[in-house]
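These protein sequence lines are chains A and B, in that order. Quick note, in our numbering, the first sequence goes up one by one and the last residue is 340. Quick note, in our numbering, the second sequence goes up one by one and the last residue is 340.
Treat the hints with caution; some may be incorrect.
One copy or two, either will do: identical chains are not told apart, so a pair holds if it fits within one copy or between any two.
Derived lysine-lysine pairs resembling BS3-like cross-links, with alpha carbons at most 27 Å apart [claimed, not checked]:
#1 Lys244 - Lys185
#2 Lys27 - Lys49
#3 Lys198 - Lys185
#4 Lys255 - Lys272
#5 Lys303 - Lys185
#6 Lys133 - Lys255
#7 Lys303 - Lys26
#8 Lys185 - Lys149
#9 Lys75 - Lys185
#10 Lys26 - Lys272
#11 Lys272 - Lys303
#12 Lys273 - Lys251
#13 Lys244 - Lys273
#14 Lys272 - Lys27
#15 Lys170 - Lys251
#16 Lys251 - Lys198
#17 Lys170 - Lys198
#18 Lys23 - Lys49
#19 Lys255 - Lys75
#20 Lys198 - Lys244
#21 Lys2 - Lys49
#22 Lys49 - Lys26
Keep in mind that the hints were calculated from the coordinates and are not lab data.
There are 2 protein chains.
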Amino acid sequence: MKIALDILGGDYAPHEPLSGAVKALKKNTSLELVLVGDRAIIEPAIAGKYEDRVEIIHTTDSISNEDQPTVAIRKQPNSSMVLGLSALRERDDIAAFVSAGCTGALLTGAFMKIGRIEGVSRPALCPFLPNMKGGRTMLIDCGANVDCKPQNLAHFALMGTAYLNSLGVKNPRVGLVSVGTEDAKGNEQTLATFPLLKSLSEKGKINFVGNMEARDAFSGDYDILVCDGFVGNVLLKTAEGAFKLLTAKIKRICKTSARGMMGGLLLNGKMKKMKRSVSDEAVGGTIFIGVKKTVVKAHGNSKRIAIANAINVALDASQADLSQHIRDALEGTEELLSVK
Amino acid sequence: MKIALDILGGDYAPHEPLSGAVKALKKNTSLELVLVGDRAIIEPAIAGKYEDRVEIIHTTDSISNEDQPTVAIRKQPNSSMVLGLSALRERDDIAAFVSAGCTGALLTGAFMKIGRIEGVSRPALCPFLPNMKGGRTMLIDCGANVDCKPQNLAHFALMGTAYLNSLGVKNPRVGLVSVGTEDAKGNEQTLATFPLLKSLSEKGKINFVGNMEARDAFSGDYDILVCDGFVGNVLLKTAEGAFKLLTAKIKRICKTSARGMMGGLLLNGKMKKMKRSVSDEAVGGTIFIGVKKTVVKAHGNSKRIAIANAINVALDASQADLSQHIRDALEGTEELLSVK
Chain A
1 MKIALDILGG DYAPHEPLSG AVKALKKNTS LELVLVGDRA IIEPAIAGKY
51 EDRVEIIHTT DSISNEDQPT VAIRKQPNSS MVLGLSALRE RDDIAAFVSA
101 GCTGALLTGA FMKIGRIEGV SRPALCPFLP NMKGGRTMLI DCGANVDCKP
151 QNLAHFALMG TAYLNSLGVK NPRVGLVSVG TEDAKGNEQT LATFPLLKSL
201 SEKGKINFVG NMEARDAFSG DYDILVCDGF VGNVLLKTAE GAFKLLTAKI
251 KRICKTSARG MMGGLLLNGK MKKMKRSVSD EAVGGTIFIG VKKTVVKAHG
301 NSKRIAIANA INVALDASQA DLSQHIRDAL EGTEELLSVK
Chain B
1 MKIALDILGG DYAPHEPLSG AVKALKKNTS LELVLVGDRA IIEPAIAGKY
51 EDRVEIIHTT DSISNEDQPT VAIRKQPNSS MVLGLSALRE RDDIAAFVSA
101 GCTGALLTGA FMKIGRIEGV SRPALCPFLP NMKGGRTMLI DCGANVDCKP
151 QNLAHFALMG TAYLNSLGVK NPRVGLVSVG TEDAKGNEQT LATFPLLKSL
201 SEKGKINFVG NMEARDAFSG DYDILVCDGF VGNVLLKTAE GAFKLLTAKI
251 KRICKTSARG MMGGLLLNGK MKKMKRSVSD EAVGGTIFIG VKKTVVKAHG
301 NSKRIAIANA INVALDASQA DLSQHIRDAL EGTEELLSVK
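Please build the complete structure, drawing on both the sequences and the hints.
Written as structure tokens, this is what we have:
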């Protein structure tokens with residue numbers, strides 16, 4: 001089982017994706033990678049150490065953030081992203097494709113080249129957030145689908161549950177992101193979603209615990225937060241902005257007095273570690289859940305650690321046979337969740 | 001000009017609202033208050049000091065969070081909230097009403113008893129967030145309207161601009177909360193809102209700077225963030241949750257080693273101050289903007305400082321004649337923003 005990696009995607013390509021690959025190969029001695037990128041850069045980096053576990057698909061073409069996704073996927077057949085996705089589709093020995101390249105192009109490409117699992121109305125992005133209990137909480141969708149029907153949200157709940165089940169989490173608690181915890185709180189979309197999730201819960205398909213408020217997103221009281229991609233995107237990015245604000249304020253405290261400076265010095269190492277634990281780096285990448293094979297989107301600004309972690313995300317999902325878990329999860333829900 | 005205050009609303013009523021009133025009276029020696037609540041509790045607190053600046057509207061009845069808002073406003077004419085709102089409507093010497101009571105009831109009550117400013121499609125809640133530049137950024141709407149039309153969002157932009165103008169901020173920069181900064185990014189709602197805001201900007205009615213991402217909500221690059229009440233509620237509460245997570249993590253760091261403990265002790269005072277600066281307390285309350293007279297919602301968990309600050313929010317808006325600013329802002333936009 002091999003993982004394909006886009007060496008030419010992301011803000012720090014090709015060096016950071018390549019370093020991330022080397023890092024992952026070093027750590028996991030049974031890992032095999034297919035690196036999609038410039039042979040001239042890749043070969044020196046793996047020479048003498050990892051040649052036997054690395055295959056190269058050579059290209060120097062890549063899709064940029066400025067390219068229109070659908071057009072780019074169609075018109076750039078030799079881009080690292082399209083080559084990676086095509087290899088994933090065609091080859092049984094490749095289990096997943098990881099890219100830090102343009103999100104829109106990757107989602108479009110995965111949709112067009114790999115295709116949805118039968119019955120899934122909308123594949124989704126499902127990153128993990130850190131939580132107060134030291135664990136992590138899935139947010140689904142966080143931006144793949146900005147306009148959703150209640151049935152789409154129900155599919156997110158089913159897929160998220162299947163994913164966590166496949167990772168060994170039993171009975172993951174599903175919360176519906178809303179403006180209050182009471183059953184009657186919400187907007188048109190969530191109010192229409194609520195009974196669907198309740199039905200799925202009664203059928204034993206998910207463990208729906210009700211509406212939740214965004215202030216509890218990090219409480220650890222939920223395993224899966226379900227919302228449309230617009231709301232999820234706002235939630236994820238607000239958290240990012242809030243962390244940034246707070247760490248900037250702490251930094252300022254540590255700079256403006258002798259007391260602060262001394263305190264800052266004492267806490268420095270642990271604070272950095274803490275900052276990392278709430279950053280994208282810790283998670284590495286997000287599965288585009290609902291497509292037939294594993295596609296992982298790493299953050300555009302991924303450096304080596306994030307890339308190595310994204311490879312792990314891909315490995316975990318592939319080893320757990322996520323697609324089969326999703327097929328099983330959807331079974332018997334067709335009538336309830338048919339989108340009229 | 002008097003400010004009316006609900007002494008019986010909020011989680012810590014009556015003592016914290018009452019203490020907040022006393023605090024405000026002490027600080028602002030020209031402030032006059034109308035306290036709506038139990039005379040037996042209020043009189044001892046103001047005796048010998050503030051009697052000449054305090055009027056009491058006596059009642060012992062209050063609306064609880066469990067009451068259905070519309071029903072409560074209709075069936076509890078002697079509740080502190082209804083009495084306060086009625087006094088605000090009927091008396092010219094009362095400029096504003098402040099309450100930490102049930103949000104739903106207060107909004108419903110303000111809508112029914114005070115009424116919208118002519119031309120305003122939907123009054124909204126517009127709290128201020130702290131930002132990286134040490135200033136504050138308005139979020140409008142944050143929960144009064146969970147389902148919005150593009151025209152409603154345009155009204156929020158106009159009202160927010162009028163409010164900041166009335167507080168002396170010139171040309172406040174309006175951002176539309178979206179999933180990317182590019183003009184074409186967004187969901188159906190924001191994509192339809194974008195051209196309306198652009199038109200208003202071209203007319204000189206607002207200063208629209210484009211789509212914004214939630215990670216920049218605290219950057220200080222925007223003065224007003226426009227979104228529907230569902231998205232705004234998620235944004236506000238996510239920030240709250242993220243601050244809570246980070247401060248909990250820092251606390252843990254400061255508890256788990258001698259180094260950490262010492263660092264924590266050195267930083268303690270400033271950290272507490274910083275924490276307060278990003279809390280609800282610092283802001284105190286949020287205007288329900290778009291109703292004919294000033295109604296301020298203080299957070300349900302308000303203690304004395306928050307209440308005193310909420311009274312200041314009410315004072316500022318009343319002194320600036322916010323309603324007139326809003327009427328002026330709406331002039332000439334009727335055709336563009338008519339909700340079909």
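Against the structure, the hints:
no.: 1; hint: Lys244 - Lys185; verdict: between (30 Å within a copy, 23 Å between copies)
no.: 2; hint: Lys27 - Lys49; verdict: within (13 Å within a copy, 73 Å between copies)
no.: 3; hint: Lys198 - Lys185; verdict: within (15 Å within a copy, 33 Å between copies)
no.: 4; hint: Lys255 - Lys272; verdict: both (16 Å within a copy, 16 Å between copies)
no.: 5; hint: Lys303 - Lys185; verdict: between (41 Å within a copy, 26 Å between copies)
no.: 6; hint: Lys133 - Lys255; verdict: between (31 Å within a copy, 16 Å between copies)
no.: 7; hint: Lys303 - Lys26; verdict: within (16 Å within a copy, 55 Å between copies)
no.: 8; hint: Lys185 - Lys149; verdict: both (18 Å within a copy, 19 Å between copies)
no.: 9; hint: Lys75 - Lys185; verdict: between (46 Å within a copy, 22 Å between copies)
no.: 10; hint: Lys26 - Lys272; verdict: within (24 Å within a copy, 44 Å between copies)
no.: 11; hint: Lys272 - Lys303; verdict: within (16 Å within a copy, 34 Å between copies)
no.: 12; hint: Lys273 - Lys251; verdict: both (15 Å within a copy, 14 Å between copies)
no.: 13; hint: Lys244 - Lys273; verdict: both (15 Å within a copy, 18 Å between copies)
no.: 14; hint: Lys272 - Lys27; verdict: within (23 Å within a copy, 42 Å between copies)
no.: 15; hint: Lys170 - Lys251; verdict: neither (40 Å within a copy, 30 Å between copies)
no.: 16; hint: Lys251 - Lys198; verdict: neither (45 Å within a copy, 38 Å between copies)
no.: 17; hint: Lys170 - Lys198; verdict: within (18 Å within a copy, 49 Å between copies)
no.: 18; hint: Lys23 - Lys49; verdict: within (12 Å within a copy, 71 Å between copies)
no.: 19; hint: Lys255 - Lys75; verdict: neither (52 Å within a copy, 57 Å between copies)
no.: 20; hint: Lys198 - Lys244; verdict: neither (37 Å within a copy, 30 Å between copies)
no.: 21; hint: Lys2 - Lys49; verdict: within (17 Å within a copy, 79 Å between copies)
no.: 22; hint: Lys49 - Lys26; verdict: within (9 Å within a copy, 75 Å between copies)
Violated hints for the displayed structure, listed by number in ascending order: 15, 16, 19, 20.
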